[in-house]
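Chemist: Hey, can you work out the whole structure from these sequences and the hints?
Protein sequences, first through last, are from chains X and Z.
Each residue of the first sequence is one higher than the one before, starting from 1 at the first, in our numbering.
Each residue of the second sequence is one higher than the one before, starting from 1 at the first, in our numbering.
The set of hints was computed from the structure by calculation and includes no laboratory data.
Built from N, CA and C at the ideal position, the CB exists for glycine as well.
In silico lysine-lysine, DSBU-like type, Cα no more than 30 Å apart, as pairs:
(1) 32/X with 16/X
(2) 16/Z with 78/X
(3) 156/Z with 13/Z
(4) 156/Z with 32/X
(5) 156/Z with 16/Z
(6) 32/X with 305/Z
(7) 15/X with 156/Z
(8) 156/Z with 16/X
(9) 213/Z with 104/Z
(10) 13/Z with 78/X
(11) 32/X with 304/Z
(12) 213/Z with 23/Z
(13) 32/X with 15/X
(14) 23/Z with 32/X
(15) 213/Z with 268/Z
(16) 104/Z with 32/Z
(17) 287/Z with 272/Z
(18) 272/Z with 32/Z
(19) 249/Z with 268/Z
(20) 156/Z with 255/Z
(21) 279/Z with 32/Z
(22) 272/Z with 246/Z
(23) 23/Z with 15/X
(24) 78/X with 23/Z
(25) 249/Z with 180/Z
(26) 246/Z with 180/Z
(27) 213/Z with 156/Z
Pair ranges (Cβ atoms, derived):
(28) 61/X with 17/Z: 25 to 33 Å
(29) 29/Z with 7/X: 26 to 34 Å
(30) 77/X with 289/Z: 54 to 62 Å
(31) 114/Z with 7/X: 37 to 45 Å
Derived list of chain Z stretches under chain X, where covered just means 3 residues or more per stretch with a C-beta under 8 Å from a C-beta of chain X:
(32) 71 to 80
(33) 289 to 299
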Amino acid sequence: MSDNQGPLWEVFVQKKAGQPFVHCGNLHAFDKEMALQNARDLYTRRGEGMALWVVPTSCIVASSPEDAGPFFEPSNDKVFRHPTFYPLPDAIKHM
Amino acid sequence: MEMQKPEDLFESKLSKNDVIEPKDWMPDNYRKHLIRQISQHAHSEIVGMLPEGNWITRAPSLRAKLVLLAKVQDEGGHGLYLYTAAETLGISRDEMLDALHTGKAKYSSIFNYPTLTWADIGAVGWLVDGAAIMNQVMLQRTSYGPYARAMVRICKEESFHQRQGYEIMTRMAFGTPEQKEMAQDAMNRWWYPTLMMFGPPDIESPNSENALKWRIKRESNDQLRQRFVNQTVEQAEYLGLTIPDKGLKWNEAKKGYDFSEPDWAEFKNIIKGNGPCNKERLSTRLKAHQDGAWVREAAEAFGKKQMQEFAAA
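Modeler: Given below as structure tokens:
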């Protein structure tokens with residue numbers, strides 16, 4: 001059977017100016033304009049956002065869950081990256 | 001580093017209440033179960049637009065019409081969320097729609113009952129959406145990530161549906177004697193079909209065991225049905241409507257109501273395709289799909305051209 005739904009797009013919504021764009025779902029559309037209009041109709045019917053991104057799903061490069069362990073391992077042994085690693089002298093009340 | 005077998009990893013995720021994502025390994029039967037459940041859930045949203053769509057042109061006020069239009073639009077959106085969630089499991093939209101149109105896939109039995117009067121639109125919102133919410137709140141914590149995320153969005157929108165239904169019932173129940181009679185009549189016809197929505201009793205439910213084992217469902221059909229009855233009695237009492245069940249009685253020991261089971265033979269008969277509206281719903285759905293064929297074809301041709309330009313840019 002032919003695919004007559006068009007390619008898949010991922011939808012990102014920005015709730016308010018200055019906030020990050022957050023992934024909210026996906027949809028099918030044949031072009032950029034249709035993707036944007038469908039995203040508006042499907043994901044922002046109740047003031048969920050004031051700006052939208054739509055990205056062809058095929059353009060997204062994702063890490064694979066099976067390799068999450070070794071892939072993110074380099075960050076695990078670097079406790080010195082956290083502020084709590086450094087004790088503050090008692091005399092200092094705020095930093 | 002020790003390598004975990006994919007089966008063990010899957011089981012350990014379930015036992016830790018972790019979420020399964022599309023790229024994760026999963027047993028074939030888990031995938032099949034989800035495809036069946038999510039696609040049928042999607043079909044129910046789409047077919048569910050039909051009984052309410054019947055009343056858009058006959059809504060008693062402009063306000064009621066606007067609200068009903070918004071509700072039916074939501075149902076279409078819910079269908080779309082769910083279809084894309086099912087697609088992450090490797091089935092195409094066309095395959096799912098084909099299964100619906102050929103009768104291979106089911107949708108909720110409730111939509112095979114007719115909406116005879118305006119009070120039915122109230123009863124559908126209050127009772128049918130109320131029962132759906134009970135199920136969907138549970139499914140927000142289902143083990144498959146895309147399904148759970150679709151449910152979170154759907155639940156946010158569904159509570160508007162139930163409240164607008166209850167508003168219609170309130171207006172009719174506190175209206176003229178004729179209106180109250182219509183409200184009671186709708187209640188009488190929708191009560192047992194709504195109880196059927198939770199599925200067969202646990203002892204006879206063929207899909208429940210796996211669904212619970214895999215944490216697709218978190219509570220059994222009977223548990224959800226009980227909670228729905230407990231919650232609804234007070235709402236019916238406020239309206240001054242009688243739940244059409246002589247066996248309905250508070251049971252102090254279980255802190256819940258005893259109630260009569262729906263007619264499960266009727267339920268099975270509807271699932272088989274012999275309900276009052278099965279044929280009408282499916283043919284209306286099919287006609288809408290066929291009438292829209294030229295739109296899909298035009299969009300596809302236009303899209304091909306656009307994507308070529310997109311790739312070249």
